Amino acid sequence: MIFSPLPLIALPLIAAVLTALLRRWGSFSALIAALFPAAAALIAILYPLNSPLPFLGRDLYLTTPDRYALIYLYLVASATFLGVWRTTARWTYYPVALAALASIAAALGARPIIVEVVGGRPFDPFNYAVLLFAIGAVLTIFPLQGGQPGVTVGMLRYLTFIVIGVPVFLASAWILDQYSQSPDAVNLAQTATALLLFGLLLWLAVVPFHSWLPGVASESPPLSSAFVLGIVNVAAFFLMLDLVSGIRLLNENPLVFDVLRLAGVITALVGGALAFAQRDFGRIMGYAVLADIGVALVAYGTHTTAGLSAALFVIFLRTFGLGLMSMGLALARTEAPDDTFVSLTSLAWRRPWAAVGLIVGAFSLAGVPPLAGFAGRWGALQQAAGSDLGTSLALVLSSIGVVAGMLRGLQYILRPIDDPNIQPARESTLTIALIVGALVLCVIFGLFPDLLSPVIRHMTASYVIVP
Amino acid sequence: MNVDIAKTIAALPGTAVLIGLLIAAALLVILVNWRLLILALGAQYILIGLMLTRVVPIELAAVKALVGIMICPVLYITARRVNWGRPEEDETEEEPPADRPRRRWWHILGAGWPVRLIVAVLALAISIGLASRSPLPIVADQAASRDLTTGAFSVMLLGLINAALSENPLKVGLGLLSILAGFELFYTAVEPTLTIVGLLGLTNLFLALAISYLTTAWASRRSEVSA
Chain A
443 MIFSPLPLIA LPLIAAVLTA LLRRWGSFSA LIAALFPAAA ALIAILYPLN SPLPFLGRDL
503 YLTTPDRYAL IYLYLVASAT FLGVWRTTAR WTYYPVALAA LASIAAALGA RPIIVEVVGG
563 RPFDPFNYAV LLFAIGAVLT IFPLQGGQPG VTVGMLRYLT FIVIGVPVFL ASAWILDQYS
623 QSPDAVNLAQ TATALLLFGL LLWLAVVPFH SWLPGVASES PPLSSAFVLG IVNVAAFFLM
683 LDLVSGIRLL NENPLVFDVL RLAGVITALV GGALAFAQRD FGRIMGYAVL ADIGVALVAY
743 GTHTTAGLSA ALFVIFLRTF GLGLMSMGLA LARTEAPDDT FVSLTSLAWR RPWAAVGLIV
803 GAFSLAGVPP LAGFAGRWGA LQQAAGSDLG TSLALVLSSI GVVAGMLRGL QYILRPIDDP
863 NIQPARESTL TIALIVGALV LCVIFGLFPD LLSPVIRHMT ASYVIVP
Chain B
1063 MNVDIAKTIA ALPGTAVLIG LLIAAALLVI LVNWRLLILA LGAQYILIGL MLTRVVPIEL
1123 AAVKALVGIM ICPVLYITAR RVNWGRPEED ETEEEPPADR PRRRWWHILG AGWPVRLIVA
1183 VLALAISIGL ASRSPLPIVA DQAASRDLTT GAFSVMLLGL INAALSENPL KVGLGLLSIL
1243 AGFELFYTAV EPTLTIVGLL GLTNLFLALA ISYLTTAWAS RRSEVSA
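Taken in sequence, the protein lines are chains A and B. The opening residue of the first sequence carries number 443 in our numbering; numbering runs sequentially from there. The opening residue of the second sequence carries number 1063 in our numbering; numbering runs sequentially from there.
The shape of chain A in the complex, shown without the other chains:
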């Protein structure tokens, strides 16, 4: 029981209860919120946790890729909670976000082991994973809204796409079950494949199901957006890898990968083009992440082990840019009403550390060397160039779009202050330490991305890639 995924689900839940009980002591509950997921990640690093955990009538397993995925998600969550501590005072963030984290961890543990539909072996449904993921995603609405009067549009769209995805996935699970009993019914296989792809594109926020992404990125507290974009969206990507790898119907069908690659190209292009057109840093962050999702899908859509590795690099290395940019935005918002270029005029002189986080984070998300995002994009670009020159050109254009959008904003951030009486705000030592730490990691992983190679090699070896 101890060497099962139990600690990974129990620790965030315990932390959620403790942070709710200790809400009067903000710093204490923030420390609990940051330490418990970090402890869970440490346990997962030290122990394989591969014993089955009986959970509501079925066993939860943790395979190698999901173990690494959870370590990543927990470390990101821990860093996000530290960032929240330094930027906002709302205690409600921690318990709800921790409960969402536990639910998402359970969802990854409940994914299908191997679904041998064609081979006639018993069908292992993924409905538990889908429902637990949906519960986790719905819970994130509370930190996303963050108690702001009248701000609901982005969150409602996000909720809508998540909820529509639930029947789509559950119906496909039922159809796959039917197909396992009558393997000659090709129409069942086609319907299930179409539904699964539709559900995955919905939950991954692929164009045209992306409308919530810029809304959430500009309306919500930046670190809440970072939680959804860096944890929930990444967990959806891992769910996709599990489903495509585990369901033979999907991983043996080259059309599935063609659709994913095409969706990725369109998403990357739209993300880059729309990032260029924005006059709001929050929306630029949303579209930059959209472009990044597209790049990861293009790499995975190449249907090779190297492509899968490149996609995982993109996903993992997105964190540094996203974290830095959202931290910068969160600090900037403490004195600006919104994220528009005009509101953040002269930010570099008023809040230099916020400006550093914002600028470096955005350039990392865009894939500018020598930052972390570049290493991920470079791998994806190499894979895309191997299959299709047009695709690699699209990926380059998407990066250029994000960089150009950010450069338009830079002229506002760097504009000198007219009033000589305004002094730059002094950030606390911990805030500076957080930004500098993320900055150093962003450069280190940009210069030496091979540091992640052993982890990614382990993960790719566990996923099924049918040549």
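Facing chain B, according to a computed beta carbon distance under 8 Å, are these residues of chain A, among others:
#1 569
#2 573
#3 576
#4 577
#5 581
#6 583
#7 584
#8 591
#9 592
#10 594
#11 597
#12 601
#13 602
#14 605
#15 616
Far from chain A, some chain B residues (derived; all Cβ distances over 10 Å):
#16 1177
#17 1183
#18 1204
#19 1207
What follows is a list of derived Cβ distance ranges for each label pair:
#20 B:1283 - A:462: 20 to 30 Å
#21 B:1136 - A:779: 29 to 39 Å
#22 A:896 - B:1267: 40 to 50 Å
#23 B:1132 - A:462: 18 to 28 Å
#24 A:908 - B:1098: 46 to 56 Å
#25 A:694 - B:1260: 32 to 42 Å
It should be emphasised that the hints constitute simulated quantities derived from the structure, not laboratory data. Keep in mind the model is a prediction, meaning the values are calculated, not measured. Virtual Cβ for every residue (Gly too), placed ideally from N, Cα, C.
Keeping the supplied structure of chain A fixed, place chain B upon it in accordance with the hints.
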């Protein structure tokens, strides 16, 4: 005694229950009055529970209806707290002058109700047509399968329309809850596992709480603007 009552209710004619369900689902699109909307949602959940009694044990159908009935008070309390979606000043409004034209009874339907009525009728026609042509193989009884398919398709399609056409979080939320409720009408019949029923119930409850939270936030800005 209780079991007898449940059995009597479950013995209601399937077609009558289906017609009631379609009317309740259509009302969720047509109406804009929050009190009536929550009432229609409650009726929809009860009728879904009744339809399910034909294909799953009464206890399981009752759990489904109960989850829905638990959601209605959550939304009711929220709606009351935010003054049923009206700015606060409406409450303190003085008596209308005598020369103002008297409101007709249909004002409770809100502006634009004929368009919403047409959309709802069209959606019902599409879903009934689709379900009659190719009913899902839910149970061995053809008539029951057809009724369940009709109910599921109609409630889901009308829910989708509600979610797509509105900007008010309560109405969008009712649409999302309807999408799940319509799907559960079909899914509970094919997957009657208690754990799945429980997880779906939990999803519904958290969704209702999220909708309440968003509705409160939406109404608070309206109050600020009107003040």
